[in-house]
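> Here's the letter readout for the chains.
2 protein chains.
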Amino acid sequence: MESKNLVIIGLKGLPKIKKGDNIAKLVVDLIKSSKTTLESKDILVIAQSIVSKSIGRIRDLSEITPSGEAIELYQQIKAKAEKLGIPVKSPELIQAILDESKKIIKVEHVLIVETKNHGFICANAGIDQSNVEGQNIVTLLPEKPDHEAQKIRNELKELTNLEIAVIISDSFGRPFRIGSTGVAIGIAGMNPILDQRGFKDLYGYTLQTTIIGHADNLVSAAQIVMGESNEGIPVVIIRGYDYEIEENASIVPILREPNLDLFRSEE
Amino acid sequence: MESKNLVIIGLKGLPKIKKGDNIAKLVVDLIKSSKTTLESKDILVIAQSIVSKSIGRIRDLSEITPSGEAIELYQQIKAKAEKLGIPVKSPELIQAILDESKKIIKVEHVLIVETKNHGFICANAGIDQSNVEGQNIVTLLPEKPDHEAQKIRNELKELTNLEIAVIISDSFGRPFRIGSTGVAIGIAGMNPILDQRGFKDLYGYTLQTTIIGHADNLVSAAQIVMGESNEGIPVVIIRGYDYEIEENASIVPILREPNLDLFRSEE
Numbered sequence: 000m001e002s003k004n005l006v007i008i009g010l011k012g013l014p015k016i017k018k019g020d021n022i023a024k025l026v027v028d029l030i031k032s033s034k035t036t037l038e039s040k041d042i043l044v045i046a047q048s049i050v051s052k053s054i055g056r057i058r059d060l061s062e063i064t065p066s067g068e069a070i071e072l073y074q075q076i077k078a079k080a081e082k083l084g085i086p087v088k089s090p091e092l093i094q095a096i097l098d099e100s101k102k103i104i105k106v107e108h109v110l111i112v113e114t115k116n117h118g119f120i121c122a123n124a125g126i127d128q129s130n131v132e133g134q135n136i137v138t139l140l141p142e143k144p145d146h147e148a149q150k151i152r153n154e155l156k157e158l159t160n161l162e163i164a165v166i167i168s169d170s171f172g173r174p175f176r177i178g179s180t181g182v183a184i185g186i187a188g189m190n191p192i193l194d195q196r197g198f199k200d201l202y203g204y205t206l207q208t209t210i211i212g213h214a215d216n217l218v219s220a221a222q223i224v225m226g227e228s229n230e231g232i233p234v235v236i237i238r239g240y241d242y243e244i245e246e247n248a249s250i251v252p253i254l255r256e257p258n259l260d261l262f263r264s265e266e
Numbered sequence: 000m001e002s003k004n005l006v007i008i009g010l011k012g013l014p015k016i017k018k019g020d021n022i023a024k025l026v027v028d029l030i031k032s033s034k035t036t037l038e039s040k041d042i043l044v045i046a047q048s049i050v051s052k053s054i055g056r057i058r059d060l061s062e063i064t065p066s067g068e069a070i071e072l073y074q075q076i077k078a079k080a081e082k083l084g085i086p087v088k089s090p091e092l093i094q095a096i097l098d099e100s101k102k103i104i105k106v107e108h109v110l111i112v113e114t115k116n117h118g119f120i121c122a123n124a125g126i127d128q129s130n131v132e133g134q135n136i137v138t139l140l141p142e143k144p145d146h147e148a149q150k151i152r153n154e155l156k157e158l159t160n161l162e163i164a165v166i167i168s169d170s171f172g173r174p175f176r177i178g179s180t181g182v183a184i185g186i187a188g189m190n191p192i193l194d195q196r197g198f199k200d201l202y203g204y205t206l207q208t209t210i211i212g213h214a215d216n217l218v219s220a221a222q223i224v225m226g227e228s229n230e231g232i233p234v235v236i237i238r239g240y241d242y243e244i245e246e247n248a249s250i251v252p253i254l255r256e257p258n259l260d261l262f263r264s265e266e
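Chains as they are written, first to last, in numbering that gives the first Met the number 0: chain A, 0 to 266; chain B, 0 to 266.
Heads up, none of these hints are tricks.
Going by beta-carbon spacing under 7 Å, a handful of chain A positions derived as facing chain B:
1) 3
2) 120
3) 200
4) 201
5) 220
6) 223
Pairs of lysine to any residue residues, derived as SDA-like cross-links and limited to a Cα-Cα distance of at most 20 Å, are as follows:
7) A/105 to B/105
8) B/11 to A/239
9) A/199 to B/133
I should point out that these hints are in silico values taken from the structure, not numbers from a laboratory.
Yeah, the Cβ is synthetic: ideal placement off N, Cα and C, and Gly gets one too.
Chain A extracted, bound-state conformation (with noise of 0.2 Å):
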C-alpha cells in the first residue's frame, strides 16, 4: 500500500511575544536548538495573537472612553447575552469592535461585523481578550495581514535560504456549527483558496465548481496541535502538503464578494 503523509509538528517554547520582536528569528532559532528542522515547502502557520503582540496591535480598555452608540449596542447586547446566560462585554470592547469596523452585520450575543481593514466577517472584529497579558488588555487584527506573513516569509527566507509559506491563523465562528475552526487572515507564499474546476475525478468526470478553500483547512489542522487555552504552541509546521508557490498571494481571493454572497442580510 502507498500512504500519503502529511505531519504537523506544534512548537513549544517560543518566549511571550512583545513589541518589536522578530518572530521569524525568534523560530528559526527555536528550531536551531532542537531536533526539528525547517524543510523547502513547509508551511508555518502563526497565530493572529503573537504577530499583533509583535507589531503592538493591542489596546488598553481602560482607556477608551465608549461612545453613544457603543453604549446603546452594549445594552442591546447585555439584553439577548443575558437571556442566554452568557457574558456580557463591556462599553469599552463594544467602542475597540466599533473602532475595528467597516459594518455591523448582526447585533446578537456578539457583534457580527466586517472589519474595516480586510473585509472578513467575524464576531467582535476578532479582537480577542485571551492569551494576551493584563485584564484589559485586548489584541486586534493586524491592519495588513498579508504584509506581516510576506514579511516573515521573507526573514525566513534571509536566515535560512528556504521556500517557506506563510499563513496567520486565527479561529472564527460560523453559521450553522457550534464550535470555532481555522481560518486563514492573512498568507504568504501560496494562493489561500484552490481552484480544482476542469480537474477530473476518480472516474474521468470532470469537476464542475470544486473550489477547496485550503488555507483555511490547513489552519484547522494547525489547530488541533495549537488549541486555544494553555498550549502555549502559537507556531505550527506543516510538512508534506504539495502545495504551488505564488510569489503575491494575498487572502483576497478567498473573500466572496459581498453581491455574491448567499448569506449576507445585513441589518
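Keeping the supplied structure of chain A fixed, place chain B upon it in accordance with the hints.
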C-alpha cells in the same frame, strides 16, 4: 525544544467501493498488507462518498421524474447560475435534492437547504455527482451517519481490538468565504465539539466562550491529504490528537439550534 506532532496518513489502494462492502474490513486488510499500522486512539476519517456507496445511498437521475416544484426551482436556479457562468443542474437533480430536504433556506445558483435526515444546512442537500461511477449517478448523504460511524467503529474494535474514533467527512461551502472546507457529518467515539469554557489561557485568565469545532478541524486536516479530485484517498488516519473517548457520541451537538443561529433568514 519540546514539540507536539500530529501525523495524517492517507490510505491509498482501497478498492472502489460498492454496495455491501465492509469498509472496516477493507481498511484493516489494506493496513495489514502494508507498513502502516493502526494504533489505539487513532482517528479514522472516512469520506461520505464511500460510506454512501457501501450502503447503497446512490440514485440514478435518469430514473427521476421532476415535480412541478422542481421544474420551477430549476428555472430560477438556471437564471441565476447563467448570470454567473456556472454550470446548471438538471430538474432531475433538483428533485433529488428536494427529496432529501426538510426546508429550502436559499434559492440561488445552488439550492441551500436543511437536510431532512440530519438538519445540516448545505448546498444541494450534500448530493454529489463527482467520484461516483456513471454520468447520471449521484451519491446521497447517509440517512444515519452517526449510526454508520458507530458501526465502523464497532467493526474495527472487533477486528483489531483497538479504540478508534470514526468520523464520516464531507466538504461544504460556507457563507462569507470562498472554497469548501471539511465538515464532520457523522461521528463515533468522540464528541464533535470541545468545550473549553472555564479553562485557563496561557496567562491564567479563564476562557469565557471558547468552544472548538474540533471534529470539523480534524476533517479539514484529513481533506488536505484526501483532496477532492482523483487522489483516490477516501480514508485517512489521524494520529497524535489526545481526545476524550465518548461512547455515545453524535454529530448533533455541533448543529446550532435554529433559534440560536445568527444567520438563518429563511425564505
